[in-house]
Amino acid sequence: MPEAIWITFAFGLGLIVKAIGLPPLVGYLAAGFALSGLAATTGIEIEETAALKHIAHLGVLLLLFTVGLKLKLRSIISPEVIGGSLLHFGITCAVFAPGLYLMMDLTWSTALLLAIALSFSSTVLAAKVLESKRELRAFHGRVAIGILIMQDLIALVVMSVAAGKSPSQWALLVFGLPLLRPLLFRLLDASGHDELLVLLGLLLALVVGGLGFEAAGLSSELGALVFGAMLASHPRSQELAKSLWSVKEVFLVGFFLQIGIGGLPDQQAVIFAVIAAVVLPLKGILFFFLLVLFRLRARSSFLTSLSLTNYSEFGLIVASVALPEWLIPLAITVSLSFVISAPLNRFAHGLYERYNRSLIGYERHKRHPDEQPISLGDTRILVMGMGRTGTAAYDWLHAKDNRIMGLDSDPAKTATHQAEGRNVVFADAEDNTFWEGLHMPDLQSVILAMNDIEGKLIAARMLRMLGFTGRIVAHTMFQDEAKKIREAGADEAYLTMSETGVALASHLQEHLARNHADHARDPGHV
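In the working numbering, the protein residues as written are 9 to 534.
Simulated from the structure, these hints should not be mistaken for laboratory data. Computed from a prediction, not measured in an experiment: that's the story for all the values here. Glycine included, C-beta positions come from ideal geometry on N, C-alpha and C. It is possible that some hints are incorrect.
As the list claims (entries may be wrong) - Here are the computed distance ranges between Cβ atoms for each label pair: (1) L94 - T477: 27 to 33 angstroms; (2) S241 - P289: 54 to 60 angstroms; (3) P106 - E203: 31 to 37 angstroms; (4) G369 - S514: 38 to 44 angstroms; (5) G45 - A12: 35 to 41 angstroms; (6) F355 - V287: 32 to 38 angstroms; (7) H201 - N431: 19 to 25 angstroms; (8) A12 - E203: 23 to 29 angstroms; (9) D274 - Y363: 53 to 59 angstroms; (10) P289 - F183: 39 to 45 angstroms; (11) L180 - P289: 45 to 51 angstroms; (12) I99 - Y363: 20 to 26 angstroms; (13) V206 - E361: 40 to 46 angstroms; (14) L520 - V215: 53 to 59 angstroms.
The task is simple: from the sequences and hints, build the whole structure.
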C-alpha cells in the first residue's frame, strides 16, 4: 500500500527537520527524494499515483483559497507594497533572466520563466515565522504579507498565461460573481464554528471555485483565489482560514512528496541550487533598499526584507505548470533557501540590534506611518498593546483620568482607535530606536497588554533602564511567564484567567449585594 509508505516517510523526515527548526515541508521534499532513492536502490516500485497527483492539486487550490482570504485591499494598497513588490519583481527578472540565459545555455522563454519562479518569496515560511513571533500584525509583518500577496497575484497571472487555456463563453459569468457575495456571507454566518465551516471552505475552494472555473475554461487556481478573495472582507474570514489550515497542510504534503518522487536530483540540479543559494542575499538586500526608498525606517525595512529572503513554494507551483522539467532543481533550491532563511529569521531582532547603527545611515529623512513618537507629553498612564485587554483597561481608566495614551504596533488598529476617539499612536515595544529617544516626563503607570511575552519583557526592562520608577503591571496566561515579567522589572504580572474569575465573582457579589439592599428596604421585593 503506497499511501502507508508515503505517510511514514513524510512524518519521519518532517519530524526530524522540525526538531532542528526548519519548516516540515523541507522534510516532505526530502521524504519524496528518499522514496525515489529507495526505489532506485532496492527495486521497490514507488511512483506517483493518480491519488497523489489529485491530493497535490487539492493542496494547491486550498493554499490559493487561503491566500485569497487574506486579500484585503487595504493590506496591499500602499506605495511600499505595490511599488516594492513590482520593482523587486522587475529588477530580479531583468538581472536573473540574462544571467540564466548566458550561464546555462537556455532559451529566452525558459530563462525568463525560471527568473520569475526565483523572484517569489515563500508565503508559507514567512507567514509561519511571523506568526511564531506574533509579528503578523506588526508594521513590518503587514508589509511583508502585502508584498507576498502581490507576488502570489503575479504568480497566478503567469500560471494562467503559461497554461494557455482558452476560456469558453461561460467565462463571462465571472464578472457577475460579486453579486454572489451577500449569499456567500450568509452561508459563512450560518456555518457556525465547527465542521460545517470547514466543509464550506472545501466547497468554495475545490468545487465552486476549482471545478467551476475549470468548466468555464479558466484556471482552477484562479477560481480558488477569487472565491477566497470574495470572503476576505467578512469578519470571520480569518476563522475560516484557520479552520482550513491543517487540511491545507495535509494536502500540500502530497504536492511536496510528488516533486520528490518524480526523481532524484542530478549534478546539474544541485549546482543550480547552490548558485541560487549564493545569490540569495542579493534578494534581501534589494528588498531592503527598495523599502528604504519608500521611506520605511531601517528597522522595518530590515525585518521585512529578512522575512522575504528565501525562494517560494509558489515557484514550484508555477514550474509544475510551465517548466515541469525544472521542478526538481527548483525544489532543491527552495529547500536550501529555507535552511538558510529560517535560522536567520529566528534571530532577526538580535541581528538588527547588532548592525542597526550602520543600517540607520540608509534611512531617508521624511516621515512615514512607521515613524514612532519620541515624547509622551503629559501622559500619566500608558497602555502598551491595544487589543481586547488593553482597550478594556484604557476605557475603564480614561473615565477616571484623561491623561492616558495607548500604543500599538499595528497601524490599522491605531487608526481604528483614533477614529473612535482614543489617544492611541503607533509604536513597537521591540524596537530599540523607539526607547532610545523616548521622553516621558509625567508618566506614572504602565500597563503591558501586548500578546507577545517578548514584547512585555523588553518593555519592562527598557522602562527600568530609562529610570522609570512608577508602577508597571502586565497580564499573562502562564505562571512561568509571570515570573519572567516580574524579573524584567514589572511590579506585578496577573494571570489573565485568574483575573477573569475574580472579575466574574466580583460582578456576582455586586449583584447579590444590590438584591440584599433592595430586600432590606422592601422585604416583599424578589
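Outcome of the hint check:
1. Between L94 and T477 the beta carbon distance is about 50 angstroms. The supplied range of 27 to 33 angstroms is therefore violated.
2. Judged by the Cβ atoms, the range 54 to 60 angstroms given for S241 and P289 is violated: they are separated by roughly 38 angstroms.
3. As the Cβ distance of P106 to E203 is approximately 52 angstroms, the hint placing it in 31 to 37 angstroms is violated.
4. Distance hint check for G369 and S514: the Cβ-Cβ separation is about 54 angstroms, which falls outside the suggested range of 38 to 44 angstroms.
5. Evaluation of the 35 to 41 angstroms hint for G45 and A12 yields a failure: the beta carbon distance comes to about 18 angstroms.
6. Under the hint 32 to 38 angstroms, the C-beta atoms of F355 and V287, about 22 angstroms apart, miss the expected range.
7. A hinted range of 19 to 25 angstroms is violated for the C-beta pair H201 and N431, which are about 35 angstroms apart.
8. In this structure, A12 and E203 meet the distance hint of 23 to 29 angstroms, their C-beta atoms being roughly 26 angstroms apart.
9. Range check, D274 to Y363: about 39 angstroms between beta-carbon atoms, so the 53 to 59 angstroms window is missed.
10. Between P289 and F183, the C-beta spacing of about 44 angstroms keeps the proposed range 39 to 45 angstroms intact.
11. The hinted range of 45 to 51 angstroms is satisfied by L180 and P289, whose Cβ atoms lie roughly 47 angstroms apart.
12. Taking the beta carbon of each, I99 and Y363 are about 23 angstroms apart, inside 20 to 26 angstroms as hinted.
13. Checking the proposed 40 to 46 angstroms range against V206 and E361 shows it holds: the Cβ atoms sit about 42 angstroms from each other.
14. Between L520 and V215 the CB atoms are about 55 angstroms apart, so this pair conforms to the stated range of 53 to 59 angstroms.
The structure is inconsistent with the numbered hints 1, 2, 3, 4, 5, 6, 7, 9, although it conforms to all the rest.
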